[in-house]
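Listed below are the residues making up each chain.
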Amino acid sequence: MILDDLTCASARERLSARLDGELDEARALEAHLGRCAPCRTHERELARLARGFAALRAEPVGSTDLWPAIERRARPRAAGPLLARVAAALLGFLGVGAAARWLAPGDGEPAARHLLEHLARGERAGALLADLPEYRVLRAFPPVEETR
Amino acid sequence: MDPDLELVHGLRRRQMGALREAYERHGERVQRLCRRMLGRPADAEDAAQDVFLKLFERAGAFDGRARFATWLHRLTVNTCLHRLEKERLRLVRPLPEPDLAADGREAPHESLARTETRLELERLLARLSGEHRAVLVLRELEGLSYREIAATLDVPEGTVMSRLARARAELVRLAGTAPRAEPDPVPRPLLEAP
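Order-wise, the sequence lines are chains S and R. Taking the working numbering, the leading residue of the first sequence gets 1, the next gets one more, and so forth. Taking the working numbering, the leading residue of the second sequence gets 149, the next gets one more, and so forth.
Note that these hints are calculated values from the structure, not bench results. The reader is advised that the hints may include incorrect statements.
[Stated by the list, open to error] Covered by chain S, per the in silico footprint, the following chain R stretches (three or more residues, Cβ under 8 Å):
1) 149-161
2) 200-209
3) 214-221
4) 308-316
For each residue, glycine too, the CB sits at the ideal point set by N, CA and C.
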């Protein structure tokens, strides 16, 4: 014997799940429906709702090509190709050199010439980089500790 | 094996090609979900764009516990819910689109009935809370199982079941045909009043 100990709220939750094919055990629900007219009415309303949703589901939803707009907005956040990143780093490095010449006229020299002359003398890269005006400028700004 | 894993690697490296591929694979569904959540096409298009920009920025947060598609749908639903909450957007009943209303493949009265049903349901859906609307859209319009909805919304399956029941009851109530439920038994107070 199945005892009908469901509340209407619980029965309606199970009705909804049965509509979705997600209810394993329906005997208690059936027992409740057998004695509860309002829940039987609710069952009919849910079935009507399901037919409405089926109609809505059948309607095509138009879509627009959003890619041009997405690409335009995403492009600045994208990583560029490796060559472009290296070129940008080199430009930035030489830019600091130009700033060094501007900040210390007469003392600095073009970074490219400085590098080539030292390399031609066969000096190690680490030693000659330390004398570059770019590094002298960077040393003027102590590193800032990263804050969380 | 998640078919989108390779895509995720590219997204984590912020490759435009990977974003393009993600859009090609999932753009239509994301846009459809946004449209059904937000109603108005312009809002839906803005939201769908935001979803892919967030995807580009947050792909590193994808931990692989759910499938990428499920994770992306969660991102989409959350984006829509955020918009609804922030802007207090409410779906405005859209006009029937000309190409749909003039569909000659079915009898005019059938087309009209379907359009009326759609508009009425969309109007009612717009009055639901974002939480209820999301669960109904995922179940009724996207056809997801309770398990898939639970994964998408990151809630237990039991919550999906109860939320769906409440959302449907609310729709029935809004439609003005809600039957009166028998009052649930009132728990007896622990102490009797003097």
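Right, here's what the structure says about each hint:
Restraint check on the region 149-161 of chain R versus chain S: 1 residues with Cβ-Cβ distances below 8 Å, three needed, restraint violated. Under the rule that three or more residues need a Cβ within less than 8 Å of chain S, the assignment of the region 200-209 of chain R holds, with 4 such residues. Using a Cβ-Cβ cut-off of 8 Å, 0 residues of the region 214-221 of chain R lie near chain S, which falls short of the minimum of three, so the contact claim is violated. Coverage of the region 308-316 of chain R by chain S holds in this model, with 5 residues showing a Cβ closer than 8 Å to a Cβ of that chain against a need of three.
Hints 1, 3, counting from the list given before, are not met by this structure.
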